[in-house]
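Chains as they are written, first to last, in my numbering: chain B, 1 to 446; chain W, 1001 to 1450.
These are computed hints drawn from the structure, not numbers from a lab.
Sample of chain B residues at the chain W side, in silico, Cβ under 8 Å:
#1 Ile192
#2 Ser195
#3 Ser197
#4 Ile315
#5 Leu318
Here a beta-carbon is modelled for each residue, glycine too, at the ideal position from N, C-alpha and C.
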Amino acid sequence: MLKFFLALRYLKKRKIVFLSIAAVMLSTSLLITVASLFTAFIRAIELNASEYLGDIVLEPTIQFTHYDLLINRLNANDKIEAATPVLSASGLIYLDAGNVRAVNFWGIDLASRCRVTNFQDNLLEQKKIETPAQFKSSDEKNIPVFTGIALLLEPDPKTDKYDIAKAESYIGKKAVITTGTTANSSANSTAITTSRSSAVTISDIVFTSVYDIDKRFVFIPIDDLSVLLFGGEENRKAADVIHIKCKGGINPEDAIESVRKVWIEFVTQDLGWPASFAADAQIMTSMQKQAEYTDELRKQMAVLLVVFGIISAGIVVLIFCIFYMIVKTKIKDLAIVKSIGASSMDVISIFLLFGLFIGIIGATGGVIFGYLITHYINAIEQFISSLFGLKLWSSSVYMFTKIPSHFDWFWAILFFAAAIAASVLGAFIPSLIAAKTSPVKILRYE
Amino acid sequence: MYHVILPFKLFKSNKLTIVAVLAVAVSVFTVIVVMTVMNGLTVDFIDKNHGFYSDCIVSTNSLVGFADYNDFLIMLRSQDYVQSATPVINAYGLVQSSNSGKSQALNLMGIDPANHFKTTNLAESLYYRKDNPQLALVPSYNSELPGCVIGIDLIEYRDEWGNYKQWAFLPRRSYEITCFPLSPRGTIVKTGTSIAANTKTYYQSDNSNTGLAKVDGTTVYLAFDEIQTLSGMNIEPKRTSAIFVKFKKGIGFDRGVERTTALWNFFVKNKGDSASLNLFKNVNVQDFKSYKRETIAPMEKERAMMLLLFLMVGVITIFIIFVIFYMIIGRKNKDIGILKSIGASGLGIMLVFLRYAVLIGIVGAIIGTAAALIFLDNMNDLEGWLYAKFGFQMWNREIYAIGEIPNKPGVALPVEVAVSAIIACLLGAAIPTIRAARQNCVDILRVNQI
Chain B
1 MLKFFLALRY
11 LKKRKIVFLS
21 IAAVMLSTSL
31 LITVASLFTA
41 FIRAIELNAS
51 EYLGDIVLEP
61 TIQFTHYDLL
71 INRLNANDKI
81 EAATPVLSAS
91 GLIYLDAGNV
101 RAVNFWGIDL
111 ASRCRVTNFQ
121 DNLLEQKKIE
131 TPAQFKSSDE
141 KNIPVFTGIA
151 LLLEPDPKTD
161 KYDIAKAESY
171 IGKKAVITTG
181 TTANSSANST
191 AITTSRSSAV
201 TISDIVFTSV
211 YDIDKRFVFI
221 PIDDLSVLLF
231 GGEENRKAAD
241 VIHIKCKGGI
251 NPEDAIESVR
261 KVWIEFVTQD
271 LGWPASFAAD
281 AQIMTSMQKQ
291 AEYTDELRKQ
301 MAVLLVVFGI
311 ISAGIVVLIF
321 CIFYMIVKTK
331 IKDLAIVKSI
341 GASSMDVISI
351 FLLFGLFIGI
361 IGATGGVIFG
371 YLITHYINAI
381 EQFISSLFGL
391 KLWSSSVYMF
401 TKIPSHFDWF
411 WAILFFAAAI
421 AASVLGAFIP
431 SLIAAKTSPV
441 KILRYE
Chain W
1001 MYHVILPFKL
1011 FKSNKLTIVA
1021 VLAVAVSVFT
1031 VIVVMTVMNG
1041 LTVDFIDKNH
1051 GFYSDCIVST
1061 NSLVGFADYN
1071 DFLIMLRSQD
1081 YVQSATPVIN
1091 AYGLVQSSNS
1101 GKSQALNLMG
1111 IDPANHFKTT
1121 NLAESLYYRK
1131 DNPQLALVPS
1141 YNSELPGCVI
1151 GIDLIEYRDE
1161 WGNYKQWAFL
1171 PRRSYEITCF
1181 PLSPRGTIVK
1191 TGTSIAANTK
1201 TYYQSDNSNT
1211 GLAKVDGTTV
1221 YLAFDEIQTL
1231 SGMNIEPKRT
1241 SAIFVKFKKG
1251 IGFDRGVERT
1261 TALWNFFVKN
1271 KGDSASLNLF
1281 KNVNVQDFKS
1291 YKRETIAPME
1301 KERAMMLLLF
1311 LMVGVITIFI
1321 IFVIFYMIIG
1331 RKNKDIGILK
1341 SIGASGLGIM
1351 LVFLRYAVLI
1361 GIVGAIIGTA
1371 AALIFLDNMN
1381 DLEGWLYAKF
1391 GFQMWNREIY
1401 AIGEIPNKPG
1411 VALPVEVAVS
1421 AIIACLLGAA
1431 IPTIRAARQN
1441 CVDILRVNQI
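I would like the entire structure built from these sequences, with the hints used as guidance.
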């Protein structure tokens, strides 16, 4: 009881203790904030991948035909909710006077895509309606397309927000696309020839909040893209990727083998290819597809945490110094405590308890402070931006329109425990010095 | 004399000095290492951009370009501050490899080899024509064919050390390049009654490794005249997208850009009756940093934020020194009383402890700096060893376009950090020192205090 009482008394009476509490709080919040924001960023990438690509991605090494048969086979599987084909190509789009962009075309089947991903939620106009999204064109001759929002306009450099009204004004406008397919070949290979172009109508705008997607992609009905690429070959049904959504409760990693089996059956039975061709196909979860990048981000986070950990180690030294100072100034009190029967262990316990209190208070403050910073990071960023005119976060650099701000409790608990351990560690040597105090030596001058 | 001898005596005899010196040394070490790497990456990136884009760029964002550029080039080249100037066309094109059949939508850059290599460092990025860059766009296997230089990341993989496997002889690769031809009004030029894009086959004449990932992974270089024809910029009035300008040595960016802006305004004013006046409206004159601000500014911002974060290290050092001095002075109370009783002034006492603080700062800074320099010197070897032994690489070179980790701190950074460490020690020691100087020897040496 005496130990507890004395530890609490030191905590209340010594003003310099607040310095150590503040130091623990600051370093804990710094580490928690860095780890939370980094983890949230990595999670956002993974989450975005599964929202955009479905749960599983089937990507053969070469383009294949009759995707409809494969989709039927996949849909019949008890682990698969839905599957959708993608035919991709690079191209150019002419939007208006002097405005040409390099883009990636994705030929999609809109109905199945909306079942596999939340694609409709990303459409500026059609997300508001209950009926299924569709490609619409007022002119039947024109192909209806969806374009990414950043393709049409850049976000405001100060606020990083898009002018949605201006973006919506592009809906219904005409544009021209080319996939580079040569229309007339010339005998002279060094002469200029012409490539086939097509008039398109912008049917809706895609706003995924991921800058790179919004900047580079144009979505077009898969059959129309097929005609653009391969001419009038009907029923070719070509695709180069299949995106798959698993049924509820099914772990995508567990469904990979089923997908592989379906793929091999399709390739050997429907396409008549040798099974070795089928084995080359890459079948992985959308999260695994991002693994190379996210692993690298995790490594950068670890390096950053080590650097900040070294800085925080300075705080252990600071606590050590403060405790050392307290021990030295309280040496007479300790001698009295010992003279009335307290053991060395009791004296050690007083200071370790004292360190523990500082750790708990500082670390709790750090968790709260870290939570507030993480939770309100976008508001803080906006405040700094409006105060100093300095835009710290911009989607064109850091991919997302908002800073991913999920508070990570794993890191919070880890650093909470580490902060307490560091505080107790900082108090340990001074407590040993205090324990060695001889009451006779100290009090004889009195 | 006592205030010269006593600081050394305190430094030698006090065990807490070791803690203080270590705290300063660790802070100095951390700041020098992290800032060297961050600075190195940023400065290297800025230098590469500078080399690629020259000093000053007269440009328009519109793909239509601007006309009468030859007249302005003549004016520019006659200026005493201009070393060289060259026209550049930036366009988007679809590039299809005839070998693989794969196509990519990329940036096309039209260059005039005769002037471009005098104005920028692009020649240094070439592999096969490095010694004779004027022939960069001439395929060595057939000089009659139209050549193109391909960004290295488009054709070769970077290994885990950031190196590329280069062929001993230039491989014969051809690419079909497609462009929308735009009229001076920005509309697509019609072929007969239909809208079509221009396509032409080019043959690889070299590859370019500028060290700028975005450039090397997205850019194909063609002859200026070729791309002018492909993109429709050869239709009268003939147009360009940009003019790169290199200033003579000794001409500052600001001064050079100011003079070029004035010259451009003068040029536009004299072209008042030109039919292409509309095309001049969107033309900007900027230095390379402003021209590439969307890529350079975030790096500089990150460096500044890191610097701010490391100010915290300085603050912690100040607190540690403060607490240590508070303790030392508390324990040396009686010594201070005796010194004062034999005539030492408050200033003298202050000098003793401030010199002691400077001594801690100097020794800590020397140890920290020396450790940082040794670490930096061996950092790349250490990373190599870690990779060979544990597969750990600080930055995966297959993903990040960097070579070795920057490890040259220069002279200014260690000196600045060391001086800052000494100042931090002085700041930390200031309050306890003032308290010591204010102490009254009568109060301290009173019998009941002893």
